[in-house]
Amino acid sequence: DAGITQSPRHKVTETGTPVTLRCHQTENHRYMYWYRQDPGHGLRLIHYSYGVKDTDKGEVSDGYSVSRSKTEDFLLTLESATSSQTSVYFCAISDRFSWGQPQETQYFGPGTRLLVL
Amino acid sequence: RKEVEQDPGPFNVPEGATVAFNCTYSNSASQSFFWYRQDCRKEPKLLMSVYSSGNEDGRFTAQLNRASQYISLLIRDSKLSDSATYLCVVNPPQGGKLIFGQGTELSVKP
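In order, the protein sequences belong to chains Z and U. Just so we're aligned, residue 1057 is where the first sequence starts under my numbering, counting upward by one. Just so we're aligned, residue 239 is where the second sequence starts under my numbering, counting upward by one.
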């Protein structure tokens, strides 16, 4: 299994509070992703990173921010949590093909279950 | 129309049965295709890539039909351990990001 950990694994918080989720990898992969998974929607991309300090928005980025100050860590922050952000959050990593394209195969972390009351 | 569509199931089959899942995608320029497996309350894991010529891995066979824009997964001789949700995944032309279907739930019964 790829060396990806997420913390915390479970969290309960109240509406309006800030929340930060951490993804840590030991694979030295360049690309990192944050997804959320909800019934009826499947996995949806929130933000991704293609290098240290290089990030971009995904499909459902509103209400979320990210930071990547080191190759191994990718943080997801909910500035002011809302009940609609109750979800399971997965981090994923991937590496680059030799001809300069990102390798599509993504390896996922174990997930963080977030409940916003 | 969703970019990737799957029948959510559940598919309930007896051990030893053959079961097939289909998935359709909307962007005809999509470049690569995968099946991921997700066990209950676990992370998705790559099951197999899908190649234009079709490919097989043991009891699993994946097919791609670019003209009709669908991919399929066939599981032969189903085992109890095959019970999971199978995610159809497509890499659109812009690359670097994957589009996931909602998943098809499979339950294999004794």
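Heads up, a few of these hints could be off.
Unchecked claim - In silico DMTMM-like links for lysine to aspartate or glutamate, alpha-carbon gap of 25 Å or less: (1) U:K335 <-> Z:D1151; (2) U:K240 <-> Z:E1135; (3) U:K280 <-> Z:D1110; (4) U:K335 <-> Z:D1112; (5) U:K283 <-> Z:D1112.
The hints are simulated quantities; they were obtained by calculation from the structure and are not laboratory data.
The hints, checked one at a time:
Taken as a hint, the U:K335 and Z:D1151 pair is honoured in the structure, with Cα atoms around 12 Å apart against an allowance of 25 Å. Restraint check for U:K240 and Z:E1135: the C-alpha separation of about 29 Å exceeds 25 Å, so the hint is violated. Distance restraint check for U:K280 and Z:D1110: the Cα-Cα separation of roughly 28 Å exceeds the 25 Å cut-off, and the hinted pair is therefore not satisfied. Proposed proximity of U:K335 and Z:D1112 is supported: the alpha carbons are some 11 Å apart, at most 25 Å.
Restraint check: the Cα-Cα separation between U:K283 and Z:D1112 comes to about 24 Å, which is no more than 25 Å; the hinted pair holds.
The earlier numbered hints that this structure contradicts are 2 and 3.
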